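Student: For the protein sequence lines, the chains are A and B, in the order given.
Numbering-wise, the working numbering puts 262 at position 262 of the first sequence, and it's gapless, one number per residue.
Numbering-wise, the working numbering puts 410 at position 410 of the second sequence, and it's gapless, one number per residue.
To be clear, the hints were calculated from the coordinates, so they are not data collected in a lab.
None of these values were measured; they are calculated from a predicted model.
Hints are not guaranteed to be accurate.
In the DSSO-like style, the derived pairs of lysine-lysine whose C-alpha atoms are separated by at most 27 Å in a straight line are [stated by the list, open to error]:
#, chain 1, residue 1, chain 2, residue 2
1, B, Lys64, B, Lys84
2, A, Lys61, A, Lys117
3, B, Lys176, B, Lys154
4, B, Lys205, A, Lys315
5, B, Lys176, B, Lys205
6, A, Lys198, A, Lys89
7, B, Lys14, A, Lys261
8, A, Lys198, B, Lys268
9, B, Lys207, A, Lys261
10, B, Lys84, B, Lys207
11, B, Lys154, A, Lys261
12, A, Lys17, B, Lys205
13, A, Lys198, B, Lys154
14, A, Lys169, A, Lys6
15, B, Lys84, A, Lys261
16, A, Lys52, A, Lys89
17, A, Lys261, B, Lys64
18, B, Lys176, B, Lys207
19, B, Lys205, B, Lys244
20, A, Lys89, A, Lys169
21, A, Lys61, A, Lys89
22, B, Lys26, B, Lys64
23, B, Lys26, B, Lys14
24, A, Lys52, A, Lys117
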Amino acid sequence: METLLKAEDLSVHYSTKRGYVHALDGINLAIGRGETLGIVGETGSGKSTFAKAILGILPPKSRIEGRLQFHETDLARIDAEYFRRIRGKDIALIFQDPMTRLNPLMRIEDHFVETIKAHESVSESEARARAVTALTSMRVPESRIRNYPHEFSGGMRQRIMIALALVLKPSLLVADEPTTSLDVIVEAQILEILEDLKRISSMSLVLITHNLGIVAEVCDRVAVLYAGKLAELGPVEDIFARPIHPYTRLLLRSIISLDTKELHSIEGTPPDLVDPPSGCRFHPRCPYAQPVCAEQVPPFVEFRSGQPASCLFGKDFL
Amino acid sequence: MLEVEDLVVHYPVKTSFLQRLFSREKLSVHAVDGVSLTLRSGEILGLVGESGCGKTTVGRAILKLVEPTSGMIRFEGIDVTRAKEADFRSLRRRIQIIFQDPHASLNPAMTIGRAIGHPLKIHGLASNDREVRDNVLRVMREVGLTPEEQLFDKYPGDLSGGQKQRAVIARAIILKPRLIVADEPVAMLDMSVRARVLELMLDLKTKYDLTYVFITHDLATARFLCDRIAIMYLGRIVEFGPVKRIYESPKHPYTRALLNAIPVPDPKRRAPKILPRGEVPDAVYPPAGCRFHPRCPAVLTTCGWEGRDFIDYLEERRLNPEKVQRDEEILGPLDEWWARGFQAGRKIGEEDATQLIEHVRSILTEAQPQMNQAVRDVSIRDRQITVEFHDPDLLGQKEVEGRLVECLLY
Chain A
1 METLLKAEDL SVHYSTKRGY VHALDGINLA IGRGETLGIV GETGSGKSTF AKAILGILPP
61 KSRIEGRLQF HETDLARIDA EYFRRIRGKD IALIFQDPMT RLNPLMRIED HFVETIKAHE
121 SVSESEARAR AVTALTSMRV PESRIRNYPH EFSGGMRQRI MIALALVLKP SLLVADEPTT
181 SLDVIVEAQI LEILEDLKRI SSMSLVLITH NLGIVAEVCD RVAVLYAGKL AELGPVEDIF
241 ARPIHPYTRL LLRSIISLDT KELHSIEGTP PDLVDPPSGC RFHPRCPYAQ PVCAEQVPPF
301 VEFRSGQPAS CLFGKDFL
Chain B
1 MLEVEDLVVH YPVKTSFLQR LFSREKLSVH AVDGVSLTLR SGEILGLVGE SGCGKTTVGR
61 AILKLVEPTS GMIRFEGIDV TRAKEADFRS LRRRIQIIFQ DPHASLNPAM TIGRAIGHPL
121 KIHGLASNDR EVRDNVLRVM REVGLTPEEQ LFDKYPGDLS GGQKQRAVIA RAIILKPRLI
181 VADEPVAMLD MSVRARVLEL MLDLKTKYDL TYVFITHDLA TARFLCDRIA IMYLGRIVEF
241 GPVKRIYESP KHPYTRALLN AIPVPDPKRR APKILPRGEV PDAVYPPAGC RFHPRCPAVL
301 TTCGWEGRDF IDYLEERRLN PEKVQRDEEI LGPLDEWWAR GFQAGRKIGE EDATQLIEHV
361 RSILTEAQPQ MNQAVRDVSI RDRQITVEFH DPDLLGQKEV EGRLVECLLY
């Protein structure tokens, strides 16, 4: 598969009053054209930081290191002006809460016209026509195109945001918890839309979520983040059936599904990223930890074809 | 232990002065619209449904945090809805609530120890500070907030989400209540922590002989935790019974839809889903008949088809590029159509009335057959075209295979 986006030793540090927060630390992964990559992790795992790095919206006091190759461009090196040209056109974003993206004082139609005209020199009427096409494809009737965002239901707003994100036909869509604020039936509807999109276009999708059920339903591959590090990466079937990293195992076991007979949790809490644990960052919570885990940083190596993990004892879990 | 009988809670909709001046209609959100249930001592009863179904309002009404519009709530023989403030104090001691957001439930300027001990002071249940402190430390140990001596003087900001929720639970149990209403207690916690908080709730249930009302949108957690569940939709209970029966063979189409929509955490079991259309409608104007009928995959002719279902159908057709043009030509702009109760229609001007009525009849044959069959008449009178639907059948709860279901299928 042709690679669309490639992170090489990607690190992001935030400067805070308490010191540097190592939000992302040496991430290596690639996203293929047309592929859906799920990024899962708990609060503070760095999954949203990864999205922000791709979109060039990291907070001002952050430092980015390593490479983030998108087509010919290293996104870790470009300035804000260059990012503005790419964002919205080649890389688009949908958020958890559509209201953070939609301007409450602007008609739906004007959102589209503004976005289209910011990137392409087209006439007003051409832009409006494209807005109608984009919206009806998301089942938003043309009669409502002049309404304001608050006049729509939550699911409809999310569909408007997806239509808006896709109107310039980006090659990469980043969806950050796109269904978290929605009810389960509307969530399933939105996921169905995302799956349909995958079928009809060659767009790649980065789906950031804490919900492993969603990952299982829509992703091709999944990256498991823990405390800013990539714990494991691989095809979704392999990760769910044969996880290698103990964190992945425990995380999968903690899912509460309709088949749950017994509750499982992970002891302890995710670490403070100002002062992360030495060696493997998961060692204080890992039931299989050995003394060496506190000393050596585990390399991110392939244990099975296409399934690398960062655990010193990875081969014992094969 | 607790009886809720025909509970109705309507919230008034805030309208502007001018709106009130020109409209006699009083608008209200039908949050809970006739809910009856019983809670047995020692059980975990789940109130399950999507946002806006009224589950939280039922929970709050039990604690008298909202005033019911009508109906009755009786707790251990006392009528909560009519209880005087003085009687209610002792009731509050026996019923406690845990909210979804532990962060918002704790005063950021109050130490954890003080927050947990606060109810003892309010209810005057400790003679001195020493006694309060001892009690708090004991409860902190019980909920796993350890080392308790150290955490006692910490502020909520120093704690993780899971720890904060433990503190909230500790504060709820320090009065040794009989009933705890837990409103989405783990929804805001990370997956790896949820299980521990749920386990804690189960432990405390045994230790303190508690009864829980567990309010959640998460059907998986409800299945694991609850003994019986009430599935709610737009202010009504649509299915109510033992967890085992409902999950093994759900009867109400809405229950089936909910169970079907849950993501399955197994990539090998991916399958296309049959989902209900659209979203939960506005609770200010709940649909006629069965409130789920506009979305129901198993809808019948008699479920409550009404004027606005026809308007929705017209709107839906405009998404179809093959139909939009002719519809626009003959039916005119959508905003000229009105819907009132079981009727929909529009004023007609100079256009060809026969063509209009024929087109309306013909598009009805292209609609869902149940909707088409529910039409009583399409007529033109006084330069108005009117589509009128039959009245729906009366809906009531029926016992079906060991649970109550409110659906005309049974």
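Student: Taken at face value, is the distance from the CA of B/Lys154 to the CA of A/Lys198 at most 27 Å?
Tutor: violated (49 Å)
Student: Given the proposed pairing of A/Lys17 with B/Lys205, does the C-alpha separation stay at or below 27 Å?
Tutor: It is violated: about 43 Å lies between the C-alpha atoms, which goes past 27 Å.
Student: Does the structure keep B/Lys176 and B/Lys207 at a Cα separation of 27 Å or less?
Tutor: holds (10 Å)
Student: Would the pair A/Lys61 and A/Lys89 pass a check requiring their Cα atoms to be no farther apart than 27 Å?
Tutor: Satisfied, since the Cα-Cα distance of roughly 26 Å is no more than 27 Å.
Student: Check the hint pairing A/Lys261 with B/Lys64 against an upper bound of 27 Å on the C-alpha distance.
Tutor: violated (35 Å)
Student: Regarding the pair B/Lys207 and A/Lys261, is the alpha-carbon distance no greater than 27 Å?
Tutor: With a Cα-Cα distance of about 22 Å, the restraint between B/Lys207 and A/Lys261 holds, given a limit of 27 Å.
Student: Against the 27 Å threshold, does the CA-CA distance of A/Lys52 and A/Lys117 hold or violate the hint?
Tutor: Answer holds: A/Lys52 to A/Lys117 is near 24 Å, not above 27 Å.
Student: Does the alpha-carbon distance linking B/Lys176 and B/Lys205 stay inside the 27 Å limit?
Tutor: holds (11 Å)
Student: Does the alpha-carbon distance linking B/Lys205 and A/Lys315 stay inside the 27 Å limit?
Tutor: The hint is violated at about 42 Å.
Student: Taking only the CA atoms, is the gap from B/Lys26 to B/Lys14 under or equal to 27 Å?
Tutor: Since the Cα atoms of B/Lys26 and B/Lys14 sit roughly 10 Å apart, the hinted pair holds (cutoff 27 Å).
Student: Starting from A/Lys52, check that the Cα of A/Lys89 is at most 27 Å away, please.
Tutor: holds (16 Å)
Student: Given the proposed pairing of A/Lys198 with B/Lys268, does the C-alpha separation stay at or below 27 Å?
Tutor: Since the Cα atoms of A/Lys198 and B/Lys268 sit roughly 19 Å apart, the hinted pair holds (cutoff 27 Å).
Hints 2, 4, 7, 10, 11, 12, 13, 15, 17 from the earlier list are contradicted by this structure; the remaining hints agree with it.
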